[in-house]
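Chemist: Now for the letters of each chain:
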Amino acid sequence: MKKVFITLTLALSFTAYSQELTPVYEDSLTEGSLTRVSSFNYYSSNAFNNALLDKFLFGGAITTDIKDQVTNGLKRVNSFGAEAEQSIEHYNASINPIGNPKFGFMASFSDNHFVSANLSSDLFHTIFYGNADRIEDTLDFSFSHVQYMHFQKIGFGVFDKNTLSSIRINYVSGSKQTQARLSNSYMYSADDSIAVMLQGAGFRTDLTSPYFAMQGHGFAIDLNYNFMFETKKGNSQIINLKISNLGLIAWNNQTNNFSIDSLSNYTGFDIKDFINQPEDAPSKEYNFIDTLGLHQEKGSIVSTLPIEFAIQKMPMRNCDKKLQAILGFKAILTSDYFPYLFGGVYYAPTDNFSASTRLSYGGFGGLQWGIDANFWVKDKVYIGLGTFDMIGNISKKYGFGRSINLSAHFKF
Amino acid sequence: MYKKLFISIIAVSVVFVSCKKEATTWSTNWAAPIAHGHLTINDMVEEDHVETNSEGYLSLVIHEPVFEFSLDTLIQLPDTTVVEKTAIGIPSLDISPAYIQPTMYNQVLNLGTIELKEVIIGSGFIETRLTSVWPGRAQVALIIPEAIGPLGSFGSVHFFEAGHITETESSELTDMTDFNMNLTGDDGLSVNTIGITAIVQSNEETETYTITSSDTNTIGFSFIDMVPKYARGYFGQYTFSDTTTVSLSQLNRIVAGSIDIDSIDMKITVKNGFNLVAQSKISLFEGTNTRTGTTVDLDFPAKNTTMNIDPASGGLYDYVPSEYPLEINNVNSNITDFIENLPNSAKVGYKMDINPFGNISAGNDEFFPNSKMELFLDGEFPLSFGANELTIVDTFDIDWVDTGEITPEEAEVILDYSNGFPIGAIATFYLLDASNNVLDSIVGNSGILSGSFDAGTYETVPKDGSISFPITAATFENLEKMKRLKLYVSFSTDGTENIKISPETFFDFNLRSNLQISVSL
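Each protein sequence line maps, in turn, to chains V and F.
First residue of the first sequence? That's 1 in the working numbering, and the numbers climb one at a time after it.
First residue of the second sequence? That's 1 in the working numbering, and the numbers climb one at a time after it.
Because the hints were derived from the structure by calculation, they are not lab data.
Please note that a few of the clues may not be correct.
Said to hold, decoys possible - From the structure, some residues in chain F lie toward chain V, with a derived Cβ separation under 7 angstroms:
id, residue
1, T25
2, G37
3, A362
4, N514
Ideal Cβ positions, reconstructed from N, Cα and C, are used throughout, including at glycine.
Next up, chain V with everything else stripped away, as it sits in the complex (with noise of 0.2 angstroms):
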């Protein structure tokens, strides 16, 4: 057991990729440096289509049709999640931070938006259609959530030369950071009341803007590790295993929590509370909100990152095989995330171009298709553009999010 958990202990030691498009083993990396630029982009959800997404990201008008299309689809759970990870690496071979000449030294910054939702049907039912037509009904809003972090993230690590396994620490910079939860929530509506059950928690940084708010500060660990061994026929594989975002962010002190527990019916003004009232009497102004019973109180609070797992099967450049099968796995620690597996091809017609095509199912979305495209130059510079989610880049109606992603390394 303990040799278990000692190999799993270094196995989990070396990391190499940021989040990227699907990634290609190149070679080793025993001198000189390399500079990885990612951009990571997607959004997605398992129930709201890009006619509906769009709106929000484009503006215009959510017509009846669209709302009517997304509701005929929505499900028990309604999910919906973005990241965007703009990154750069710097891999440094000459230097060997912890004096192993097998180890060298890198640096990263990344800027990181992270995005997780869930709306029950009937939350979302209320906010586009209303409670007109659902009178003498209940609207259950349990366990939806929504939730957005952005932070950034400097690390310094070493890596191994000959795998670019790699491990990194870095202190992690809170911008901002929006959470709330429901749990059992319910409004039910009648003629002449409404009956509001919220329970539920959230939190609030204090500041929207700067960009780089610096509202909290923590700390996270990237752990790579590409696992290379042989099948029986003498082929060479490597596994890729990844733990990414280990790590919390401790908000300042004025951070605003938010917590409610409350059941309110509201019947409207009673009109004597208005008439034969003395003129000094106090005037009662009716703010609905404050009959919810929200408690508000600043103070600071710890939040963990999303922290990500993945493992898969990538291509190697060198193969000569033309042909190679890529599949894995990636989960998001979030309620609102499923299991994500993906399994599809590598093709690499030439040495210095490569294209893969690659179905998936889960995370956010429900089934998508991706691409991408590999193109090197003199083994010193490499170009990488594709996305997961084809469909939803070219379809309003069938497309459930987006995704481009972006990679361009350099060797010096």
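Got chain V; can you put chain F on it based on the hints?
Modeler: Chain F only, in chain V's frame:
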């Protein structure tokens, strides 16, 4: 080359900005209650003003003074300052420690035709201010023996150091509340006269000093805001008369229709809280409806008749006002015609004489604490009437509230009701701009139906109904421009006969809305 490509890719990666060109909007429909209530007659009229009459239905009743005046301003003791100078009438005099010089004199107050014998002060002060130029120490006391307070007679004692060249001065302020002052002077026969005693004496223990006839001391006092709560004397003759027009502004709101009243029973009582004789006469009481141009002169038995108002009886602590009742009802007057005319203006002519026969009380008129002359109205207005499209209009200033990201598009306001009143109503809302121009109107699809009145049992069977007030998008635009809201309500009673309001009458309602709103983000 690599460097340029590297920088280009970084630029493309970083500049990944989406630009939202217009707001995201959508429409939602909300059903929400606005207001509700269970209204009875007691919610519309104060409980003290409603009672069930002998026939088992409701009457409006009034028991309250409608006009009153007091005499306290007439008999107020004016702010008065009196300064007396004292000196010896011989060239010089040795003042030993045992020397005392008392002086008594009467101070007459100028009260015009009022002749007061006695007052009890409700509030006010006397300030004494004395000076001495005697070359030795002196003591001067100012005493009003017949001004008796809780601790005895009023007295103010002042002590002076040796003056001679430099005048020494002393002052003191005394609260005169509850002092009983006899104003009949030393002889007990005068009026408005205060008997004063001044005592000047040496304040030396052993020394004797000499004063001359030129050593003049002053003794002064001032009445400050002295208001009696009781007075006795002769208060003089006064006549109050006027013809005045009273605006009944509440009735200005009636702009159409008519009302039919069964009966009214009123009693106006003239109450005299003073122990003096008075006479009064109402010479004119007419009401004008300026909308119709109709004037009705109210006739009642006491009109143009001089009424002798007897003095109050009893004494200072147990006085009882005299009362002179005037009955006005639909038998002895045209009061129903007067009310049915719905006057928004009333002209009243009256005359009142105080002590019309002079000082017949031998100077024993009395003003008691809190006493007043008043007209007290006891009225019973049975809620038995008929209304034919009686239309009331009222205008309210409105500030439209900015709704931010939420814009109302269309709405239907629904009034569900159960009307137990035998009165129906039709309401119309007019939206006015700052210049009172009508911008728009909101009209319901029906009126409030009256309950069904049973003339035999006086009971009303409630009528249930629902009224829809549609508010279009154009109306919402006008609501934003609106500065005032004018409400027209036209009331009609059930059937053709007069109805009666029973104690169980109620109006239940539930006001709710179906509101289509546009959300803009």
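Chemist: What are the numbers of the hints the structure violates, in ascending order?
Modeler: Number 3 - this is the single hint that the structure violates.
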